[in-house]
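There are 2 protein chains.
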Amino acid sequence: MPSPQALFFDVFGTCVDWRSAVEALVSQMVREKGCQIDSFAFADAWRARYQPAMQEIRAGRRSYADLDVLHRENLDATLREFGLTDRFDVHDRADLNKAWEKLTPWPDTVAGLSRLKSRFIIAPCSNGSIALMTRLSKFGNLPWDCILGAGLARAYKPDPQAYLRSCAALQLDPAEVMMVAAHNDDLAAARNAGLQTCFIPRTIEYGPDQTTDLRAESDWEIVARDLEDLALHLAC
Amino acid sequence: MPSPQALFFDVFGTCVDWRSAVEALVSQMVREKGCQIDSFAFADAWRARYQPAMQEIRAGRRSYADLDVLHRENLDATLREFGLTDRFDVHDRADLNKAWEKLTPWPDTVAGLSRLKSRFIIAPCSNGSIALMTRLSKFGNLPWDCILGAGLARAYKPDPQAYLRSCAALQLDPAEVMMVAAHNDDLAAARNAGLQTCFIPRTIEYGPDQTTDLRAESDWEIVARDLEDLALHLAC
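Chain order of the listed sequences is L and A. Here the first sequence is numbered in the UniProt record's numbering, starting from 1 and rising by one per residue. Here the second sequence is numbered in the UniProt record's numbering, starting from 1 and rising by one per residue.
To be clear, the hints were calculated from the coordinates, so they are not data collected in a lab. Careful: at least some of the hints might be erroneous.
[Stated by the list, open to error] Capping the alpha-carbon separation at 25 angstroms, the derived lysine to any residue pairs in SDA-like fashion look like this:
| id | chain 1 | residue 1 | chain 2 | residue 2 |
| --- | --- | --- | --- | --- |
| 1 | L | K138 | A | E176 |
| 2 | A | K98 | L | P107 |
| 3 | A | K138 | L | V110 |
| 4 | A | K98 | A | D76 |
| 5 | L | K102 | A | L172 |
| 6 | A | K98 | L | P174 |
| 7 | L | K138 | L | S118 |
| 8 | A | K102 | L | R119 |
| 9 | L | K102 | L | Q5 |
| 10 | A | K117 | A | D17 |
| 11 | L | K98 | A | R165 |
| 12 | A | K98 | L | S3 |
| 13 | A | K33 | A | A99 |
| 14 | A | K138 | L | A53 |
| 15 | L | K117 | A | D76 |
| 16 | L | K138 | A | A99 |
| 17 | A | K102 | L | D173 |
| 18 | L | K102 | L | D173 |
| 19 | L | K138 | A | E228 |
| 20 | L | K98 | A | S3 |
| 21 | L | K138 | A | D108 |
| 22 | A | K117 | L | P174 |
| 23 | A | K98 | L | F40 |
| 24 | L | K102 | A | E176 |
Next comes chain L alone, as it looks inside the complex (with noise of 0.2 angstroms):
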């Protein structure tokens, strides 16, 4: 396996916790309205729409849209089966849909992504737009050298343009770069559009009763704990 130039890191449930700081915003702005919901269900309905909303996109049915404005659609959606409607205005869904920009880094995260930085140029190749990226990675201190990925590709992965934008980009080869994921689907994709792969297991990202991705399930050319540990794979 050459040694590649570039790193590109999944970000919603690879690097950050999603769910525990959507649920948290959620539950606070429930509980100041006096209501009564169960949260991580409503952080679940919510992330459930996210596939869907970007497949539209993925098939031709609608042009390239940023992920801000699906999770504000969804939000909408998601209120709406929560019998929520009446009681967040447009400036709480406003402030909620931010949620996403303030996502708590796996404590493994930044130090793992610093050492890698090292070595690599480390990048983000998320179907987050650049806006949604750059505000999260500020938040969270993620140390990326630029933001590829969706938002630069007009492309949603596994669409191989976002990640064949992404190499594009940095005038690079497929083959240069490994993608680093802790979903199965996200690599096989990579992998078909000519990236080296990486799994990282998040065995909790969707909670503790999760079922999916716990395990690599294929060759993947690297299967490491979590970033601290790819480091040392990589000899960071």
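On the provided structure of chain L, position chain A as indicated by the hints.
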């Protein structure tokens, strides 16, 4: 003046000293080949082809090409101009073109940017490609939050789209962004696009006999001595 949310920076000349580094590599390579030329004159001649090359694209006579490609073409022309065509093969030319990835920051740049980063989103809005800005910034430890500018916008400053598409990538109005540059014409274009402006003099960018951009030529919102002084102006 409302406080900006993000600061955009010109890079060549404003954040880094391109002339010294390019001259040093030219001088070294020419010496190794046993040739004698004025390496500062070579650096200046190479750079003099920068605006005319971009103008072909701004004027619509050529489709967008990354600055690395223009630099490489301009290098061929400059080698011809100095009678060195036969002395630099394709590998030498590739090596020499990489001079633009290894430019030294001015003494105040890293400290100033680091302070400004504590309160603002900071990003290059340069004519350099994403690849070039990423490698240059890694070389000089420039702590950007993201990389914007021509490579993202596929338009060269002073085309308004270079500024406007960079603002849009952050989901900010132009008035929420301040352009920081050592070049009055860059600031004039940024102001026309609706951005706030800050002038920083870099009076030796073109060497000790520089005659242009020695001072602010309009009522820019801020005129600062250097990037650390700008941090003071903005209470960072």
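Hints and how they fare:
1. Simply put, L:K138 and A:E176 have alpha-carbon atoms about 18 angstroms apart, close enough for the 25 angstroms limit, and the pair holds.
2. Using a Cα cut-off of 25 angstroms, the hinted pair A:K98 and L:P107 is violated, with the two alpha carbons roughly 37 angstroms apart.
3. With a C-alpha separation of about 17 angstroms, the suggested pair A:K138 and L:V110 falls inside the 25 angstroms cut-off, and the hint holds.
4. For the suggested pair A:K98 and A:D76, the alpha carbons sit about 14 angstroms apart, so the restraint of at most 25 angstroms is met.
5. Taking the CA atoms of L:K102 and A:L172, the gap is near 18 angstroms; set against the 25 angstroms cutoff, the hint holds.
6. For the hint linking A:K98 to L:P174, the alpha-carbon distance of about 21 angstroms falls within 25 angstroms, and the restraint holds.
7. At most 25 angstroms may separate the alpha-carbon atoms for a hinted pair to count; L:K138 and L:S118 meet this at roughly 19 angstroms.
8. For a cut-off of 25 angstroms, the pair hint linking A:K102 to L:R119 stands: about 16 angstroms separates their Cα positions.
9. A hinted pair counts as satisfied when its Cα atoms are at most 25 angstroms apart, and L:K102 with L:Q5 does not qualify at roughly 29 angstroms.
10. Taking the CA atoms of A:K117 and A:D17, the gap is near 21 angstroms; set against the 25 angstroms cutoff, the hint holds.
11. Taking the CA atoms of L:K98 and A:R165, the gap is near 22 angstroms; set against the 25 angstroms cutoff, the hint holds.
12. A distance of roughly 21 angstroms separates the Cα atoms of A:K98 and L:S3; the hinted pair therefore holds under the 25 angstroms criterion.
13. Among the hinted pairs, A:K33 with A:A99 is consistent with the structure: their alpha-carbon atoms are about 17 angstroms apart, no more than 25 angstroms.
14. Between A:K138 and L:A53 the alpha-carbon distance is near 36 angstroms, which puts this suggested pair outside the 25 angstroms criterion.
15. With a CA separation close to 34 angstroms, the supplied pair L:K117 and A:D76 exceeds the 25 angstroms bound.
16. At most 25 angstroms may separate the alpha-carbon atoms for a hinted pair to count; L:K138 and A:A99 exceed this at roughly 30 angstroms.
17. Of the pairs offered as hints, the one joining A:K102 and L:D173 holds, with about 22 angstroms between alpha carbons and a cut-off of 25 angstroms not exceeded.
18. Only pairs whose Cα atoms come within 25 angstroms are accepted, and L:K102 paired with L:D173 is rejected, the gap being roughly 33 angstroms.
19. A threshold of 25 angstroms between alpha carbons decides the hint, and for L:K138 with A:E228 the separation of about 21 angstroms falls inside it, so the pair holds.
20. Note on L:K98 and A:S3: the hinted pairing holds, with a Cα-Cα distance of about 21 angstroms set against a maximum of 25 angstroms.
21. Distance restraint check for L:K138 and A:D108: the Cα-Cα separation of roughly 22 angstroms lies within the 25 angstroms cut-off, and the hinted pair is therefore satisfied.
22. Between A:K117 and L:P174 the alpha-carbon distance is near 32 angstroms, which puts this suggested pair outside the 25 angstroms criterion.
23. Distance check on the hinted pair: A:K98 and L:F40 sit about 51 angstroms apart at the alpha-carbon level, beyond 25 angstroms; violated.
24. Between the alpha carbons of L:K102 and A:E176 the distance comes to roughly 21 angstroms, so the proposed pair stays at or under 25 angstroms and holds.
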